[in-house]
Amino acid sequence: MADIERHTIAVLVDNEPGILARVVGLFSGRGYNIESLTVAEVDRRNSLSRVTIVTSGTPMIIEQIKAQLSRLVPVHRVHDLTDEGPFVEREMALIKVVGKGEVRIESLRLADIFRARVVDSTTESFVFEMTGSGEKLNAFIALMEPLGLVEVSRTGTAAISRGTASF
Amino acid sequence: MPTEPLSGADIVIKALVDQGVDVVFGYPGGAVLPIYDSLFKQNALRHILVRQEGGAVHAAEGYARSTGRVGVVLVTSGPGATNAVTGLTDALMDSVPIVCLTGQVPTHLIGNDAFQEADTTGITRPCTKHNYLVKDVRELARVLHEAFYVAKSGRPGPVVVDLPKDVLFAPGPYCGPEEVRHKSYRPQLRPDPARIGEAVEMIAEAKRPLFYGGGGLINSGPEACRCFAELVRLTDAPCTLTLMGLGAFPAADPHFLGMVGMHGTYEANLAMHDCDLMVAVGSRFDDRVTGRLNAFSPGSKKIHIDIDPSSINKNVRVDLPIIGDVGEALSAMLAAGPRSLRCSDTTARAEWWRMIEIWRARDCLRYDKSRRDLIKPQYAIERLYALTREHDVYITTEVGQHQMWAAQFFKFEEPNRWMTSGGLGTMGYGLPAAVGVQIAHPEALVIDIAGEASVLMNIQEMSTIAQYRLPVKVFIINNQYMGMVRQWQELLHGGRYSESYTEALPDFVKLADAFGAVGRRVEDPARLDDAIHEMLAIDRAVILDVAVDPTENCFPMIPSGAAHHEMLLGPEDEAKKPVSEEGMVLV
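Going down the list, the protein sequences come from chains A and B. Take 0 as the starting number for the first sequence in numbering that gives the first Met the number 0 and just add one per residue. Take 0 as the starting number for the second sequence in numbering that gives the first Met the number 0 and just add one per residue.
For the record, the hints were derived by calculation from the structure and aren't laboratory data. In this text, a Cβ means the ideal position worked out from N, Cα and C, and glycines have one as well. It is possible that part of the hints are untrue.
Unchecked claim - Okay, the calculated bits of chain B under chain A, using three or more residues with CB under 8 Å as the criterion:
id : stretch
1  : 79-90
2  : 442-450
Said to hold, decoys possible - Listed next, the in silico SDA-like pairs over lysine to any residue satisfying Cα-Cα at most 20 Å (straight line):
id : chain 1 : residue 1 : chain 2 : residue 2
3  : B       : 151       : A       : 70
4  : B       : 134       : A       : 73
5  : B       : 134       : A       : 70
6  : B       : 182       : A       : 47
7  : B       : 182       : A       : 16
8  : B       : 300       : B       : 365
9  : B       : 134       : A       : 21
10 : B       : 151       : A       : 74
11 : B       : 300       : B       : 272
12 : B       : 182       : A       : 21
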């Protein structure tokens, strides 16, 4: 069995009804993994959306995933950011922690170290907003677990290439 | 140029006519009544009324595959659309260009579980190349033209356009096909010239080359097939074809080794196993072709020419992928000239042909001819082939043993003559497909080589055949079993023939009569020729029920999980080479 690789793929698609179902259906129908998927309109004038998918598979599977995505009629471009050079990957999470006293203060202290922002607060809770790589988010969430973590909402990964290159 | 607004339904008709459509296969219903009303008021389009929507899609497939044009289907919402799903999947698997118009409940009722509502675009998303739901009549003309463009360009496939009833009544603007340009879909047709050059070199240097052509050649068109034949002959290389590719290269040419794959010939499969260069042209390394992947053609370099980049490296890693229209790629290779293409090592090539002749001499398609009291199914098809040589003949099939025997024993010299369900393996394909072929070629001899089980799956289309007085011939290889199921049960399940025997078959002679056709039955091998002659002489639809040896199995065979060189040549091999446990779980 060949090595499993993790790839971040950006797909520019027509923002039309059903496009997300097409992409997701392709992954489920052909048995590919989705670790994360985000989508939003990025070009209102031309009605284009950008889908960022983090997936994993053997090199042959990754090649198939890209070929199958390119084959969808409303797909304009498919870019394998992992293959195409350095890129920036970010994810945002909202993390709710409930607690009193020392644990509450500890969560705030850690949030400060991780540069998480407080976006909502009561006397018994915080909602932290945090942006970073998936790993950083995982690390912070793990630390919050014993400090009263009750809910996490994550956006999934958005990514873009570094430097002057488009994509 | 702005035009007088037309109703949505009139826009549909006008768009079809402007796309050059002359026939639509369909079945009316509530949601498409406006289109049927518009159809009624015009003469440019002919509508063929099938008896079930599944039949409409297969008929359109037969029409498309025998003409190279887009087949058009018109069905109603809900059950009309869901009945079409098998045909759409079939067309997707075999890359057949189809535009299927489905009715839909009015836009304001969508999502309300209205009468005859189904989420057609949702259901058909994975079984179409693309689909549309038209919610605004102003989009209608553009979407229809786009649907034709998508269906026929690149790797062809089925496209569904879902049409809510209120959109069909609403007035809207019309635009012609020339005004529509798809935003993003531009399949690559022209191959990379550098890769063509590389391919030419590899072919000239190969000691043991093999051309392996598929349905992509037929889809690319007769010119692509001609280029393929020229290239094969020029390079003096052997060639094989897939089930879908039969006819792309003349079967009578000695360069042709017969069909490849599970029930392909011994020589084609061994050549595939032993070649040092494989040139795959419009073929997709399907599991029926490759056998066990880790033993597939271990010593060869592989060139793969295909219009669909997702076919490249899907099952088999290739050394030189060439993306583009196979016709363009082949003519670019031919343009390199005979001197660059001809083999540089003629001794090695002669040795390759010597090996192939040894394999050929095994005569892998031979069968037991000693029984005088029973018609062997192979013999029935051999005779059908022999006695139809003087005719302009088109063959459709159902799915199963008879299909494989037809592929082995009926020889095709040109493309578009052979219509079969390859990828999906849809029983019930052949009879409606024959309707579509006969509509496209009214003067031709159209024969559905059928099994008695398959043909019953869409037997209602005999009524369509009657309505349009189509002289379709249904040649039933009747062994009373679902033969291929029975064969696998014999090979894999200890001969426990679970539910593969049909206890109560109809009397096909009376059945033909009931549908206004002529029915005949033949059981005696000595009477077979007369029966075929009689069938051919009758200028109407005929069902010829040929009672054949019920125990005959289809050989040669690469059992599932086996490799090309592990072929079973006949029943005597069956016991010697039991199927592996891994093979058991494969389909």
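Evaluation of the provided hints:
Coverage of the stretch 79-90 of chain B by chain A is violated [criterion: at least 3 residues with CB-CB distance below 8 Å; count 0]. Counting residues of the stretch 442-450 of chain B whose beta carbon lies closer than 8 Å to any beta carbon of chain A gives 0, which falls short of the minimum of three for the stated coverage. The hinted pair formed by residue 151 of chain B and residue 70 of chain A meets the criterion: a straight-line CA distance of about 14 Å does not exceed 20 Å. Among the hinted pairs, residue 134 of chain B with residue 73 of chain A is consistent with the structure: their alpha-carbon atoms are about 18 Å apart, no more than 20 Å.
For the suggested pair residue 134 of chain B and residue 70 of chain A, the alpha carbons sit about 25 Å apart, so the restraint of at most 20 Å is broken. Simply put, residue 182 of chain B and residue 47 of chain A have alpha-carbon atoms about 11 Å apart, close enough for the 20 Å limit, and the pair holds. For a cut-off of 20 Å, the pair hint linking residue 182 of chain B to residue 16 of chain A stands: about 15 Å separates their Cα positions. Between the alpha carbons of residue 300 of chain B and residue 365 of chain B the distance comes to roughly 32 Å, so the proposed pair goes past 20 Å and is violated.
A threshold of 20 Å between alpha carbons decides the hint, and for residue 134 of chain B with residue 21 of chain A the separation of about 19 Å falls inside it, so the pair holds. Taking the CA atoms of residue 151 of chain B and residue 74 of chain A, the gap is about 18 Å. The hint holds against a cut of 20 Å. In summary, the hint linking residue 300 of chain B to residue 272 of chain B is supported, as the alpha carbons are separated by about 12 Å, within the 20 Å threshold. At most 20 Å may separate the alpha-carbon atoms for a hinted pair to count; residue 182 of chain B and residue 21 of chain A meet this at roughly 17 Å.
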